[in-house]
Every structure is written in C-alpha cells, then in structure tokens.
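Participant: Sequence:
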Amino acid sequence: MIMYCTECKEIVEAAYSCQDNKVYEICPLCYEGGLEEAVPCRQCSELKPKDYEHYCDDCKSEVTSEISSAITDLKMRWDAELVDEAITIWIENL
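When we follow the numbering used here, the leftmost residue of the sequence shown carries the number 12, and every step to the right adds one.
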C-alpha cells in the first residue's frame, strides 16, 4: 500500500515488521512506523498525505505565486489603493 511517512516526509510503499507476534507497517527508508494513507492532490494528482488539505504544497505555492504576480501587475496598471479596495470588496462578497 502507498503511504506517507510522517518521519522522513516521503511517499513510500509500506514495508512490514514483525515484533511481539504482531505485524507493523514501517517506512522502508527510515524504518519508523509513522505512516499515513497517501491520496492524490485534486489539482495535479501527485500523492500527498491524507489530511484536511485537498491540494499539495507545490500546487498551493504555485497558485499563491500566480495570485501575487497578478496583483502586482494590476498595481502597476492601476492605483495600488484602488486595487486593494477592489480586492477587499471582492473577497467580502465571496
């Protein structure tokens, strides 16, 4: 099963260890047991830890960067205060 290791922060195929007559899933890279289910990012389909986030860190970072560039471009063409006001109004009306 494909899992996310919380120790080494990698997506791995779970390995197994037997101790005290019990089978444990472990990371084959760091040999720790902090494994969680991995799920695909809704945007790029790369595997990521199954958590409350729907998108991977790379996609969130890329979108944030594009939004920042778009706002900077607007502020170069329009008055910065007008752009800030318009963005505030737009966010409040979501």
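Incorrect hints may appear among the rest.
[Stated by the list, open to error] With a straight-line cut-off of 27 Å between C-alpha atoms, the simulated DSS-like cross-links for lysine-lysine are:
no. : residue 1 : residue 2
1   : Lys71     : Lys61
2   : Lys71     : Lys86
3   : Lys61     : Lys20
4   : Lys20     : Lys86
[Stated by the list, open to error] Simulated restraints, written as ranges between beta carbons of each label pair:
no. : residue 1 : residue 2 : range
5   : Glu47     : Ala91     : 17 to 25 Å
6   : Tyr66     : Met12     : 17 to 25 Å
7   : Ile13     : Glu96     : 45 to 53 Å
8   : Ser80     : Glu18     : 30 to 38 Å
9   : Arg88     : Cys19     : 16 to 24 Å
10  : Glu24     : Ile100    : 15 to 23 Å
11  : Glu24     : Asp90     : 49 to 57 Å
In short, the hints are calculated from the structure, not lab data. Nothing here was measured: the structure is a model prediction, and the numbers come from that model. Beta carbons: idealized from backbone N, C-alpha and C, even for Gly.
Participant: Look at each hint and say if it fits the structure.
Facilitator: Status of each hint after checking the structure:
Among the hinted pairs, Lys71 with Lys61 is consistent with the structure: their alpha-carbon atoms are about 16 Å apart, no more than 27 Å. For the suggested pair Lys71 and Lys86, the alpha carbons sit about 23 Å apart, so the restraint of at most 27 Å is met. The suggested pairing of Lys61 with Lys20 holds, with an alpha-carbon distance near 13 Å, which does not exceed 27 Å. At roughly 38 Å between alpha-carbon atoms, Lys20 and Lys86 are farther apart than 27 Å, so this suggested pair is violated.
In this structure, Glu47 and Ala91 break the distance hint of 17 to 25 Å, their C-beta atoms being roughly 43 Å apart. Checking the proposed 17 to 25 Å range against Tyr66 and Met12 shows it holds: the Cβ atoms sit about 22 Å from each other. For Ile13 paired with Glu96, a C-beta distance near 47 Å keeps the hint of 45 to 53 Å intact. Restraint check, Ser80 to Glu18: a C-beta distance of roughly 35 Å satisfies the suggested window 30 to 38 Å.
Checked against the hint of 16 to 24 Å, the C-beta distance between Arg88 and Cys19 comes to roughly 46 Å, which is inconsistent with it. Checked against the hint of 15 to 23 Å, the pair Glu24 and Ile100 fails, with Cβ atoms roughly 49 Å apart. One distance hint, 49 to 57 Å for the beta-carbon pair Glu24 and Asp90, holds here, with the actual separation near 55 Å.
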